[in-house]
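Protein chains in written order, with the numbering used here: chain A, 128 to 238; chain B, 1460 to 1572.
Calculated from the structure, these hints are not laboratory results. Do not take every clue at face value.
[As the list claims (entries may be wrong)] With a cut-off of at most 25 angstroms between alpha-carbon atoms, the simulated BS3-like pairs for lysine-lysine come out as follows:
id, chain 1, residue 1, chain 2, residue 2
1, B, Lys1515, B, Lys1476
2, B, Lys1462, A, Lys184
3, B, Lys1476, B, Lys1527
4, B, Lys1462, B, Lys1476
5, B, Lys1462, B, Lys1515
6, B, Lys1500, A, Lys140
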Amino acid sequence: KAGVTQTPRYLIKTRGQQVTLSCSPISGHRSVSWYQQTPGQGLQFLFEYFSETQRNKGNFPGRFSGRQFSNSRSEMNVSTLELGDSALYLCASDGTVETQYFGPGTRLLVL
Amino acid sequence: ELKVEQNPLFLSMQEGKNYTIYCNYSTTSDRLYWYRQDPGKSLESLFVLLSNGAVKQEGRLMASLDTKARLSTLHITAAVHDLSATYFCAVDGLETSGSRLTFGEGTQLTVNP
């Protein structure tokens, strides 16, 4: 079974721009979660989508948004980028009561 | 708000020694996970602990869960250099807090020859 894939792997943007990251879950998984990892704040939950609906949301500003398509692929968007948005963005998918499987991540640098 | 605390945050061990990493969490949950992260890489799933008293072992690592004490441990037996990595515990709040995984700060393990 192919794992979780994320594109792009690396991204450089400037302040004020917006960015869209993509995640394809493991085949058959309907839940996709997004996390942000920074040296200062650690790993933080952004949001989760299940069957095209946002099921849970972390404590992030409205500049962070996401969506899920009918094939379970998910995108997250960050508008009006700030320097502090520089991070590793991880996507994870899961089936039922098993663990969340993480993709390789997208490393975003905001200049 | 669910809080997850790990200790120690940094651990330097000699090869062949044993040690335990502790993970405390603040609210009721029956789903706890352990992950490993190598530098510059993503998270690799190690263990899923789904009930009180659960114990799982893989190679030199053994994880346990005490839901009454809200404590999980990751025990390392006869450490080898290949175990050097950062280890995270995470609690799933799907049934309780409306969040998914809340992670501990991570324990950076270095195994020295």
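Against the structure, the hints:
Of the supplied pair hints, the one linking Lys1515 (chain B) and Lys1476 (chain B) holds, its CA atoms being roughly 20 angstroms apart against a limit of 25 angstroms. This hinted pair checks out: Lys1462 (chain B) and Lys184 (chain A) have alpha carbons roughly 16 angstroms apart, not beyond 25 angstroms. Restraint check for Lys1476 (chain B) and Lys1527 (chain B): the C-alpha separation of about 29 angstroms exceeds 25 angstroms, so the hint is violated. Taking the CA atoms of Lys1462 (chain B) and Lys1476 (chain B), the gap is about 30 angstroms. The hint is violated against a cut of 25 angstroms.
A distance of roughly 23 angstroms separates the Cα atoms of Lys1462 (chain B) and Lys1515 (chain B); the hinted pair therefore holds under the 25 angstroms criterion. About 21 angstroms separates the Cα atoms of Lys1500 (chain B) and Lys140 (chain A), which keeps this hinted pair within 25 angstroms; it holds.
Violated hints for the displayed structure, listed by number in ascending order: 3 and 4.
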